[in-house]
Structures are given as structure tokens and as C-alpha cells.
Amino acid sequence: MLTRRRFLGAAALLGGGLVSRAAQSAVPEAAVQAGPATQPPLVPREGRPYNPVVTLNGWSAPWRMKDGRKEFHLVAEPVVREFAPGMTANLWGYNGASPGPTIECVEGDKLRIFVTNKLPEHTTIHWHGVLLPNGMDGVGGLTQPQIPAGKTYVYEFQMKHSGTFMYHPHADEMLQMAMGMHGFIVVHPKNPAQHRVDRDFVFLINAFDIEPGAATPKVNTMLDFNLWAWNSRVFPGIDPLAVRTGDRVRIRMGNLTMTNHPIHLHGYNFEVTGTDGGWVPKGARWPEVTVDMAIGQMRAIEFDAVYPGDWAFHCHKSHHTMNAMGHDVPTLIGVDHRGLVQKINRLVPGYMLMGERGMADMGEMEMDLPENTLPMMTGQGPFGPIEMGGMFTVVKVRDDIKPGNYTDPGWYQHPEGTVAREWNGRQEKP
Amino acid sequence: MLTRRRFLGAAALLGGGLVSRAAQSAVPEAAVQAGPATQPPLVPREGRPYNPVVTLNGWSAPWRMKDGRKEFHLVAEPVVREFAPGMTANLWGYNGASPGPTIECVEGDKLRIFVTNKLPEHTTIHWHGVLLPNGMDGVGGLTQPQIPAGKTYVYEFQMKHSGTFMYHPHADEMLQMAMGMHGFIVVHPKNPAQHRVDRDFVFLINAFDIEPGAATPKVNTMLDFNLWAWNSRVFPGIDPLAVRTGDRVRIRMGNLTMTNHPIHLHGYNFEVTGTDGGWVPKGARWPEVTVDMAIGQMRAIEFDAVYPGDWAFHCHKSHHTMNAMGHDVPTLIGVDHRGLVQKINRLVPGYMLMGERGMADMGEMEMDLPENTLPMMTGQGPFGPIEMGGMFTVVKVRDDIKPGNYTDPGWYQHPEGTVAREWNGRQEKP
Amino acid sequence: MLTRRRFLGAAALLGGGLVSRAAQSAVPEAAVQAGPATQPPLVPREGRPYNPVVTLNGWSAPWRMKDGRKEFHLVAEPVVREFAPGMTANLWGYNGASPGPTIECVEGDKLRIFVTNKLPEHTTIHWHGVLLPNGMDGVGGLTQPQIPAGKTYVYEFQMKHSGTFMYHPHADEMLQMAMGMHGFIVVHPKNPAQHRVDRDFVFLINAFDIEPGAATPKVNTMLDFNLWAWNSRVFPGIDPLAVRTGDRVRIRMGNLTMTNHPIHLHGYNFEVTGTDGGWVPKGARWPEVTVDMAIGQMRAIEFDAVYPGDWAFHCHKSHHTMNAMGHDVPTLIGVDHRGLVQKINRLVPGYMLMGERGMADMGEMEMDLPENTLPMMTGQGPFGPIEMGGMFTVVKVRDDIKPGNYTDPGWYQHPEGTVAREWNGRQEKP
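Line by line, the protein sequences give chains U, L and C. Just add 320 to the spot in the first sequence (first one is 1) and you have this note's numbering. Just add 320 to the spot in the second sequence (first one is 1) and you have this note's numbering. Just add 320 to the spot in the third sequence (first one is 1) and you have this note's numbering.
Source of the hints: derived by calculation from the structure; they are not laboratory data. Errors might be hidden in some of the hints.
Because identical chains share one entry, a pair is satisfied inside a single copy or across any pair of copies.
[Stated by the list, open to error] Derived lysine-lysine pairs resembling DSBU-like cross-links, with alpha carbons at most 35 Å apart: (1) Lys386 <-> Lys510; (2) Lys602 <-> Lys480; (3) Lys722 <-> Lys471; (4) Lys510 <-> Lys480; (5) Lys386 <-> Lys480; (6) Lys430 <-> Lys602.
Could you build the full structure based on these sequences and the hints that come with them?
Encoded structure:
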């Protein structure tokens, strides 16, 4: 396997001396994310005030004001990303991570975004959903020259309207997106009271095909992905979303995989209140418990978090709440298998008869996994194994949540008698 | 092949002596569905009145009132399901069938649902779309302990709002759903005049991967399913939906497969009037002829059945109106094949040159099929072979339909001159 | 490979002497499309006036008035279609092309459509979305007899409502649709001022699986298609859509593939204003930048073309903006490959190490391609290689566009300083 040092080392070599010393002073520092933990919201210190978002297992990019513009600096580069404890992948991203940092600004803001290319091939950035001059649209060959390896380009445009957008390359697009290159953009309304919510989470939906034991995605896979991720994390590596009981909650998502993801929230009805095209008029909204996220499409969902508890939040495609697995295993349900394992073991030492009584055992037992590979079904809850993977996490609604707490409040303490329980034959009181 | 007796026999052994004799008297009987025929609607004998639904090739679970609660009893167990005459499958389901019985109740009703696990592994039930206390949400490990094999658990909650919901396990989910474990829930409005329609049909969309000649689904298949089903039935095994001309008709569907299904109705425009999140406001509805059913998403569509006829009703993915087939067959269209079959037969005895002039012949001819396998294209209509399979049936709109007739009124009798006909060269009168 | 002559020759033989001489005089001539160029809109010479649409890389069928009916003549037949310069395919279509001609008429019009079957097997035509008598619905076996090879059938119905519809066979459906048999229907409003726009484009989304070097689609492919097309054309074979700055633009699409296509327009927000079920009420519309096209579903999107430029317009599934490729190629990103090519070349002469530094090189270099095969990533823009394929084209918004110009206005001339540019280290003026 490619080592981390060798994977990043090549990039470091390429990245050296990109911009002349004189130029560097004019380019804002490119901050780097240290790890995959969800960072606290970035409260703006200058410019118009806004209510910052929380990027799930991510962060927001710092910026500086210069000549009336907010200046950001994105560095496209190879990164090493932990998908969950026990598994890291060699990806391409921005500023140390995949996805890149969330860009937050305010309606009317003028932006100058420096993009430094530390990849081994050219790239561009397309600002998906943003209304901007044609030449800033970032389509390599069509609206601008490609950004060669080692060069820094600059994009300048004004944010015409508030909303939910994203950025990604429009150059060698299939490969660069399969490698994890994308990031979130949130444009806040000029008036912070408009579209105001109490908690505002954002993440991108992405997918990878990494063979068990390997670390680099296969970039030509069209359908048969095996790591279904949110912000390049899979369960149990995805942080929970903690909110206070009664909060108005918004969750904004964008899908950059190769298939639709029906994102389902337990315990609540919600509405889609915004898209990458703008805000959805109130009279046009539908009540939903599952939002079907199409590719290249963004949705903001909102609900009032009035019911306390640990509410599952996941893609409803059952394979997308599993980690990497073999799809060709035959079904053994109902087969009388006495002696079968012994016979197979003579042929295939170490073989485990998967699924003879279902596969729930896999959530409980220790299997010998290849190095750098997550169990297919995993996770421990307050009542035992959760048997999930991939695009699964929990919205944690609590009365006593702290203002600065976005991910951490432990397991829900059920009041007595409110959990499904074994029937003991006694007559219940109504 | 596993025999029916052996498949169910193992379950019967497990199911014996689940609950002590004392306890049994307190648990309502678990009724069992006898066969795959559509059962007449279950008219409520006590509790608030409502207009019951018709479950396509299914039935509604009986219940009893006790201490002000409606008590249901679901038994998770292996079942044998006929997909269409000529093919049965070894599935897992509830109360003798896959899907399980439809649960019908009324807004405000208090429910007590006993769930007995006669599977060889643990399970739970998640009540999809229902607003309930966190501990009744049915997510194994997260909100409750798993229900071990042989045990009975009890869920209790009140139905807060009317609508269209479903139930399915949240334990070893990928496998248990691939085996057919799910059922429909309809919560009727307190006021039976609200959202009232004349005919109200419900079914779940599910898919299986069963090799021709086999009977047990492969549970790890992610994409390449070969039996595209409604309520675990495929054409010509899916009953037609009979309605009287002028009826207001509602069809409620939920999708628990691994891909979207665009369900298309001929001859009509319809609106989506409800989801698993609630009722869609009138001003927010779109006119449609095809509703794209996302996974873990439910839709109620409605239309006024003003046009008599036999109207095709099917998934618009052309492969989903076919039964099991090989997808790797080369195209022979246009190839001069004289002598080719003879040559191939020397290599592959019994080989049939499929598709040299298209594949319509397959709808007409007898092919040697493996045991327990349906033809890929089949069905006989009033004008010849219909050449369909999978997710296909017919909405039959008739002037003279009887109140108790939901599936049976034969073929439509076209008035003279209203069928596309061969052109005979004579000038038509306008 | 099958030659064009042999492929069409077989059809010509079948097509001879279909209708007796007496009959032929009563059947309108079946016009044939000469090539894949976008034809100018067909301005109606008789009947109610309407604003005709532009069919992307297609045309509208001529008709004649007879006895108060508009008579059309569709001929189902094998065709040879150029997907893009350098690649042609053996398809089935109508009147010389796949898709067939667009049928345009006016709300209230009475139609008589002659359908001649020059295919080697039977067929029918279903008029998707059109409200018509059951016997004209075109479902072989169910609502009419199949149309045998060599016969002409006649359909007669009145257009009850304006909107966006399509036609395709409902006979051996999987194969006939996989071969390219479908066409667009536009019913214009009685009042030409209603739903009026300045430019109205239409196309169908279709997909094929043609092995590199071959020319005939594999008709059994369910998932792994390799040519993702609009009107049986792929980039760079899809014409651009030219509009004048300020125009109200409508683009109508229908999807007849086996998967959803999220169609994304750069630089604009749009609304879905119509479906195959009718027009969407204003209050029910959502602002979007991507419309998820489900199968058997049609959408009309509209926007005001106020921003000049060359705006990318494409499916957002990254593999769908590629041409045919191998999906099993391993990733070599980051691998130290010195000497590797030489070693592999000893095993596989001519092997190219794809992707060692990404795959952008492929948009720039000449690879040895099999005969009749398009590059995976291709296209030249004003700033270099565009690196796209499949479902990609450009909406060209210009101040000086001519009324009769729908596809051709060259590359956008960016005003100075409005293109993303290399950072030269100097301080920019705000």
C-alpha cells in the first residue's frame, strides 16, 4: 500500500515555490484543517454579521478583508482523510481535507478567491449555483484556461443572492470528483433575521470505491461504490448532530455521487425550504420524512426539534448504511449447514459461513478484516450493536444541550417505560 | 433446491413455545394470510369508523380493543410467497406473507403491537413516518434492545396524525429487507369525510435477486436485481385495480428497493396528494403522469377515473417490466444469422438465437425455462401477448363495476372503431 | 462489423410494397430526416397558428390537413445515426432517424397518424401523456393488436390539452426503446399568447451500450450503459442552444433511459413550468439549478436569459459527461510508476498507463481508438480542451443573436478582465 508519506510527499514537492515571494505577501494564508472533527462555527469578526453554519466533520474557511473584498485561499492538493477510526484514504481535496472548507459569506459580498493547484494535473473550480460572470464559472477550456499544476489563479465575483451552493472542479471532472474534490458554500442573507434558524448544519454526500485493504479510490467506478459517505466520513465516523429541544433546525446537503440518496430522518416531519436555486416559497413546500437528493442538487431541510431523543438520520438505501462488503456472497438462509463450514474450510481456510441465520452476527462478532478496512456492519449503541455503516448518524435532541455543543451529548436517557420491551405476559395498565 | 417443508419447518421449530401459556392468553391471535389474492377491505367493527383500504395482493391485520388500545400481533417469520403462478420464493415476512398485513387505524388511536420473532436471528420493527416516543422507534441497539429469536416484544404509541406510513426492521436491515420484511400502515383521519376517496389502494414496491431455478433471494445484491415486484408479486401475478367510472381513486405506494421507480399511469393525469410526511397542500401539487418513487419514500396519488378502459400502470424503467433474464446476451439485430444457430449449437447445445429480429417472439413462444422460473416477457391480453413482466398491472375503469369488486372485471369492451387498426386504404369519414 | 448497407438493406427489403397502390394515395408521404443537424422550426402553413419548437439535432414532422384532421405518417424502421462526427450506430427509429420527428399540433386538433412498420418484428406506438380513448393507447396485446412487420396502422384522437408529451413503442418495449425508438410531442395552446416564450427547445434523453468498435447497441443492458445521449447524440455532437440576451427560454426534456438524469444549467436559476401531466401552477414551482429527470417523466424548464455567455448545460452525473470507457481500470494516482509502463508493456504491448497523474491528459492526447469510437473526454473550447463527452452542451446567450440562429454563434467574447486568470502577484484594484 502507498504510505501516507509517499502519497503526500509527491504533492509537497510539486507544491514548493508556487508563487514568487513578492506575490505571496499578497495572497492570504491558506489555513489547513487538522483532523476530521466537527469544528465550532466560525463567528465573523468583520463584515456584515451572520449566523454561521456547522460543517459536519468539517470547518469553515477563514478570510480576510482587503479593498472591500473578502479574500479566501483554496489549495487543491492530495490529502489523507480518515473515514472512521481504523480507516484512512488517499484523496484529493482542498486545504488539507476532503471536502474542502465551507465558504461562508453574505449576500452582496464581493469575493476574491485564490486557487492554488498543488495537484499533479490541471484543475479549475466551478461555483455551483452561484450567479456570476461567465468567465468566473470555472469550466476548463470553455470559460477559462485550465489551472496548470503549480499555479495560482484568482476568481472574483459578487454574491448576488443568499442560499446553499457548492464548489468542485470542472476539469478532469469524473476523476477529480471521484477523488473527493468538493466543498460547501453558504451565502447568508443580508438581514440575519431572514431565514433564521437556531442550528444550521451542512454536509456533502460523496461516495468512493476503495477495495478492502487499499487506500486510494478507483476513479472509474460508475455504479458499484462501496463507501457511501457524508463529508468523506462513514458511520461510526460521522459526528452526531446535537440540537436543543425546541430549536428550529436546518440541515443543508448537496449530492456529488453517481446515484440519488434518499435521506431519511426518524421521528420528525420536515420541509425542504431551500435549494441551490434559492428559497422554496412556503406554499410550494411538501411535508416529508425522506428527501431524495439528486446529484448536483442541494436541499435545505427544516424542522422544529420538539421531540427529545436519539433519532436515526441516514440514507434509506439499505446498502448505503453498510461499509465495504462483497456483493457476490450466496445466500445460505434456511440451508441446513451442519458440517458445511468444516467442508468449506478444507477448501478455503478461515472461511466464515456468512448469513446462514441472517447476518446480524456480523454486527456482534470480530471478523478478521484486511488492514485499513472497516467492518461492514458496526457501531455500539446504548442497547447493543447498531449494525450500520456508511451514511448513518444520529440527530440528538436534548433539553439540556449547551450552546457550544454541536455533536457530543451521549446517549438519550429514556424515561421509564418508553422503550419497546419484552412481553412478560402480565396485563398492562392502559 | 430447498423444499417448502424444510424452509418453513425450521421456522416452526423455532416458533414453538414462544410465550408461556399464561402470557398467551394476553396476546391477541396472530392471523395469517392464506394466499396471495387481494382480500376485501377490512371494515372496522369497533372503534371510530373509517373507509378501509384495499391492499394489492394482500390484506389488513385484524385487531382487538383492550383497555382503550387497539392490539395487533405481528409475527416475523419465514414465509413462502408465490410471485406469480409458476414461481414461489422463500422469503421472510410477517403473519404468513411478504409483505406483512396492512395495519389500519385512526388518528388518535392508541396502539399496542406485539411483535413475535420466529426468525433465526434477532429483529426489530421501525414504524416509518409515525411520530412516536424515541424508545418506540425500533432502531436496534440505538432505541431498544434487539428482539432475540423466539421472544415477543411490545410497542405502544398513539397515532398523532393521519397518513401513509410503513413498517420494516431496523436490525440486520439490508438482509431482512432484501428477504421481504415490510408492511403498510394507513392512519385514517378522525373525520371520515376528510381526504375521502371512493377507492383507496395500497402496495409496497420491492425487488429481489433470485437466480432462475432458485427460490431464495441473494441478500447481498446491491444493483442487479431480477424480480421487480409490487407487494412481492410480479406480472402477471399482480392483480388489476378495478374502479367504477367517475370514482375518485387513491393509490398509495412506498418504495423499499435499492433504486427509484417511476410509476406511470396511462390515460390519466394525477396529483400526489400525500407523502409519509403528511398531506400535500393543494396549491403545492403538480400534475403528473409518472411519479418518481424514491426509496424510503411514500406517495399517495389521486385522480378522477372518468375515462373507461384498461389502462396500463407500471414502472417506466423498461427492465422493471420484465421478469428474470440474462443481461449479458449479445445483440444479434440485423446480423445475417443463416447457419449461425447451427454453428453455435455445436458449441452450446440447446442455444436459442435470441433477438435476431428483436425479442417479441419471446412473448409468444414457449421457451424451456428452469423449474420455478417465470418467462421474461409474458401475459395474454384481449389482443394477444402483452410481453410484460415485473412491475406491471392494469387499472380497469368500468361503468358497471360492483361495489365489492376490486380486481376482476375482465377485459375492456372497446366501442366499435376505437382501437388502432390496420389501414385498409379506404378513405375514412371524418 | 455490420455495414450500413447491409443493416439498412434488410429493412429496405421488408419495407417494399407495404401498402397497395390504391391505399398509398390516401396515406401522406413519410418525410425523412437527412442528417443529424438541428432543423429550423417548422412554421405552420395551415390550421391554428402556434410558436413552433426547435428539436435539438432533430426536426418536426410535416403534416397535411384532410377532412379536418392533421395527418402524420410515421415509419418505424432501422436507421443509421451519427452520435458525433467519427461514430455512427445502427439503431431503430422513425422516418430515417432516432429519435423520430417531433409531432407538433394545437390543443383541440384532431389527429390521424399512420404508422408503417418496416421493422423485422411487430411494434405499436404509445402516446405518452396524451389523454385519448383507451383503444388508441398503443399497448400491444392490451389495447390493440400488435402492428405486424410490413403493415400500416392508423391512430385517431383529438388533443385535449396543451403540453409536453412523447411517443414510443409498447411492444417488445425493452429492446425497441434500447434501440432508439421514441419521439417528442408538443401540443401548443389554442391561444398562442398563453405559455408563450421566445425560444422553445425540445429533446429526449436516451442511453446506449455499444462496445467500442461496434455499432449496434446491446439491448439487454440494464445499468452499465456507455453512451449517454440527448436525441441520440453525444458531445461534441450535440448542438449548442443559441438564444438572444433577454429571451424567455423554455427547454423541454423527456427521459427514456434506465436511470435518473440530473440536468444542470450553469449561470442561471430556472423553474419547472410544465410536466407531461400539464402546466405547473406558479405558486407550486421551486427555484432550481438542476432538474432531476426521472424515467418516463418530462419536464419543461424556463428562465430569462439575462446573463450573456457560454453556459455549460449537462447531466450532473460525472460519468454521463464521458463517452465510452472501461470502468475496470485501476487507479494509479500517487503510485511511483517509474519503470512500471515498461514492465507492463512487456506483458501488454501498447498499454498506456492511464491516470498516473489524473486523467486530464486524455483530453489532450491522441489515443489509438478502435474504429467508430469516440474519445472518452474530448471537445475543444476557446481556452483549450473541454474534457467532456456524453450529455454535455452549451447554452449560448448573446446580444446579437439572429432570429433564425438556434445553434451557431461561435465562442463568447469575454470583456477584458472577466475570466479567472493566473495570479501575477500584483495588487489588484478593487
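(message) Please list, smallest to largest, the hint numbers that this structure does not respect.
(response) 3
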